[in-house]
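Trainee: Protein chains in written order, with the working numbering: chain A, 1 to 354; chain B, 1 to 624.
I should point out that these hints are in silico values taken from the structure, not numbers from a laboratory. A few of these clues could be false.
[Claimed, not checked] Only pairs whose alpha carbons sit at most 25 Å apart, straight line, appear in this in silico DSS-like list of lysine-lysine: (1) K228/A to K255/A; (2) K293/B to K318/A; (3) K293/B to K208/A; (4) K207/B to K172/B; (5) K128/B to K107/B; (6) K234/A to K286/A.
Keep in mind it's a predicted model, so treat the numbers as computed, not measured.
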Amino acid sequence: MTAKPELSPEKIKEIEEYDRKIFTSDQIVRWCPGCGDYSILAQMQKTMPEICQEQGIPRENVAVVSGIGCSSRFPYYMNTYGFHSIHGRAPTFASGLKISRPELQVWVVTGDGDALSIGGNHLIHALRRNVDLKILLFNNRIYGLTKGQYSPTSEQGKKTKSTPQGSVDYPINPLSLALAAEATFVARTIDADTKHLASILKRAARHKGSAFIEIYQNCNIFNDGAFKSFADKKVRDDRTIVLEHGQPMVFGKEKDKGIRLDGLKPVVVDLANGADESSLLVHDEKTTDPTLANLLARLEEADESTPVPVGVFRALDKPTYDGLLDEQVATAQEQPNAGDMAALLAGGETWTVQ
Amino acid sequence: MVVETQASPLQDGGSGDSDPKVVDKVVIRFAGDSGDGMQITGSFFTHNSALAGNDISTLPDFPAEIRAPAGTLPGVSGFQLNFSSLQIMTPGDTPEVLVAMNPAALKVNLRDLVRGGTIILNSDTFRKNNLKKAGYTEDPRETGDLEGYNVHAVPLTSLTLEAVKDTGISHKLAGRCKNMFALGIMLWMYDRSLEATLGLMTKKFGKMEEVFEANKKALTAGYNYADTVEVFTGRFQVGKAKLVPGTYRMLMGNQAAVLGFVAGAQLAKRPLFYGSYPITPASSILEGLSNFKHFGVKTFQAEDEIAAVGSSIGAAFGGAIGLTGTSGPGVALKAEAIGLAAMTELPLIVINVQRGGPSTGLPTKTEQADLLQAMFGRNGECPVAIVAPQSPADCFTMAIEAIRIATKYMVPVMYLSDGYLANGAEPWSIPEVEDLPGIEVKNATDPEGFLPYQRDPETLARPWAIPGTPGTEHRLGGLEKQENTGNVSYDPENHQKMTLLRAEKVERIAQSIPELEVHGDPDGGDVLVLGWGSTYGSITSAVNRVRDRGGRVSSAHLRHLNPFPANIEEVLGKFKKILIPELNMGQLLFLIRARFCIEAEGLNKVQGQPFQIGEIEQKIEELL
């Protein structure tokens with residue numbers, strides 16, 4: 001594998017001095033006032049110095065790649081290398097960049113329409129290959145940039161400009177899709193929960209391999225309050241559950257509720273009324289068996305009382321595409337004829353004309 | 001159609017005992033089932049001809065089906081070889097000798113054979129069942145269909161089984177050696193060295209002892225059979241061609257492209273990244289490049305055509321030579337991304353190995369019908385550079401040229417090969433490494449005053465600053481860019497200015513490409529035959545034939561199609577008539593008429609086959 005370049009003492013010092021400002025570009029942010037994207041951008045700009053310091057990454061080795069949509073304007077606001085590409089294809093540009101330059105840290109910013117509709121194929125394959133990309137999917141369950149059509153994550157029956165009688169499409173579950181595509185890191189967070197969002201960004205940055213993060217993001221213009229029923233601060237503790245590796249699944253403002261399996265069905269039990277904590281499901285993000293992660297990805301669908309999980313659903317160690325290919329190249333370059341142009345030209349059967 | 005009878009082996013040659021008759025060129029076609037080993041038979045004979053000092057040109061003809069049912073018409077695979085003591089540039093218009101391994105091979109290929117040509121057929125396969133599969137109601141040997149041909153019916157299968165029976169090889173594998181028996185006959189017929197082919201066989205099969213022994217026995221038995229039975233009355237010899245001294249190898253177009261792109265990236269001192277999705281007839285480039293990791297080449301088999309081009313653009317952003325390859329349907333899918341590469345002004349190269357279209361069209365057959373797609377097939381005003389190799393070996397040279405243009409001007413380059421070039425092969429004089437052109441590439445590294453869209457005053461290229469470089473962090477994207485700063489801009493005047501700059505940049509490439517050369521009369525004449533891409537061999541050969549008879553015809557061939565060479569208008573103006581032969585319905589013709597407002601005539605063929613020399617020759621005669 002390509003050895004990580006040694007950082008000079010000056011560079012280490014420079015990285016130590018990184019702050020939010022250094023990751024903030026001079027471009028005016030043009031999202032609608034009140035958009036959830038602001039919060040995500042702020043957390044990213046705040047967290048990047050910590051990520052760089054923790055991993056010894058200079059800013060010039062960070063690249064942010066996006067597709068098309070509101071969220072995809074993101075790279076313009078980050079003072080790093082950036083690429084605002086075409087609709088749905090961000091994972092392809094990011095894959096080419098990461099594969100050819102494994103030392104870079106490459107982030108992908110995408111939305112529900114970009115990643116799950118026009119770009120569904122690329123998302124699946126980037127995850128399947130385990131290319132070392134950090135993919136942030138801003139899910140607002142609506143098309144914002146085109147002014148309010150339903151998206152592949154909109155609930156059935158949604159009335160929008162393109163579905164005046166309500167949509168007849170069934171929505172897709174982004175986490176189930178990521179798990180089916182064998183993503184090695186799968187997480188979910190909420191734009192308004194800034195602390196949790198920052199912690200998930202850090203976790204993703206540490207992961208070697210494709211990291212998929214679904215961020216519930218409020219579009220206050222075309223789909224305001226889409227996540228209010230569980231993301232609102234007033235109800236969040238009771239309607240969401242924060243997944244923690246090795247911990248029993250407990251939630252609620254008073255930590256008085258838990259998740260237990262009834263056969264294959266998750267149910268909520270009341271710990272205050274004598275339910276036994278030892279009978280609760282224990283979260284395991286490292287198990288290679290996808291059953292638990294799949295179950296959690298659809299937990300809120302089990303019944304009215306099951307909460308929406310946030311946190312890390314899955315985090316597996318698995319060699320990356322870019323790392324494996326780099327190893328093949330490095331091995332091939334140890335051949336005695338590596339880079340020998342004369343041998344390249346004269347290969348195969350030859351004959352001489354006098 | 002003109003047939004070169006003086007060069008064909010139709011007359012009686014010398015018998016086995018007397019001296020072989022000398023002829024100056026022969027065209028042989030080997031044909032059989034996809035599984036009959038016709039490609040390897042052809043390539044063995046090619047190798048032998050090369051060692052004999054002939055000039056050579058070859059073309060395989062594959063069916064689109066991988067293994068169509070044995071014995072059927074769709075399953076027939078062919079390999080045509082033209083070898084000569086003169087300089088040749090095409091695989092030959094019409095074969096003079098047909099080796100047909102079964103009735104289907106006979107049926108498919110007979111119509112191409114020169115009237116009076118030689119047929120060697122495997123009589124063991126002319127049974128009721130096989131005849132029926134080939135659509136014959138009666139045995140063509142008995143119906144008079146083969147009258148006027150010199151037919152040799154040889155029980156190839158049974159003779160081969162007999163020849164290899166002591167090798168211990170299985171019956172199935174033994175039967176497969178019959179192609180070598182046929183090859184043995186051909187080697188005898190053309191007075192060839194058996195040792196030369198045995199030498200190659202040792203290299204190819206040497207490690208598989210039984211297989212090697214059986215093939216060796218079949219080859220030798222075929223040779224001895226022809227020598228002994230005295231039914232092959234003609235024995236011929238094709239002498240050495242006057243070739244420039246040097247070391248040669250046979251190169252197929254796609255193979256030449258692979259070597260050219262690897263070499264070009266080395267010359268540019270930049271890593272090569274190839275993103276591609278398998279598609280006929282371009283897949284062998286992906287397979288070929290995947291073997292060059294020891295040159296730092298990274299290949300990425302993408303999930304689709306769009307991912308292939310996207311990954312290549314991403315790699316180019318990262319400082320690599322971003323290469324993607326496909327055929328016409330794939331280019332259609334890549335169009336939006338090519339526009340992005342034009343907008344972000346990154347060095348992307350798109351190989352299009354053209355095939356018959358539209359839609360899925362004729363996947364294994366050749367056509368030149370994607371020129372206008374290369375020129376215009378994107379949204380918005382989106383000029384890109386276009387180059388087109390003119391022969392299989394030229395695929396090497398033009399690959400290096402594509403890298404030079406892409407990196408010097410920071411512009412996408414379309415590289416238009418086609419099915420005929422991809423699979424056709426010719427001898428290539430191996431160049432010395434120091435004779436290859438240098439490619440100087442610079443990356444911007446100075447943060448002082450860096451602006452991502454500040455142009456080089458000479459080439460109008462923007463600086464190529466790559467991630468990892470401190471202080472030159474910038475954002476690219478498909479939205480219109482403000483001049484110099486590269487920030488998003490919706491300003492009306494800026495858009496007009498940037499549109500003109502992108503066009504002007506492509507036009508300026510003409511300053512660094514060679515002038516259009518005239519073959520024939522540089523000062524002008526009656527007819528100029530203007531061609532591009534793979535038609536070079538047929539056009540030049542046709543022009544030479546007419547000129548040999550005193551006709552005032554010349555030719556000029558375009559390897560750069562956007563921009564055209566700077567002197568093209570001047571050249572065209574010197575001739576009374578312009579003829580443009582193309583394997584499409586007149587796409588270069590359209591560009592030439594539109595650009596220069598001149599009259600020109602097209603010769604257009606869309607049959608999935610290259611031009612025959614005779615077809616172009618005839619058209620020239622009409623115009624003279």
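Trainee: Of the hints given before, which are not true for this structure?
Mentor: Number 6 - this is the single hint that the structure violates.
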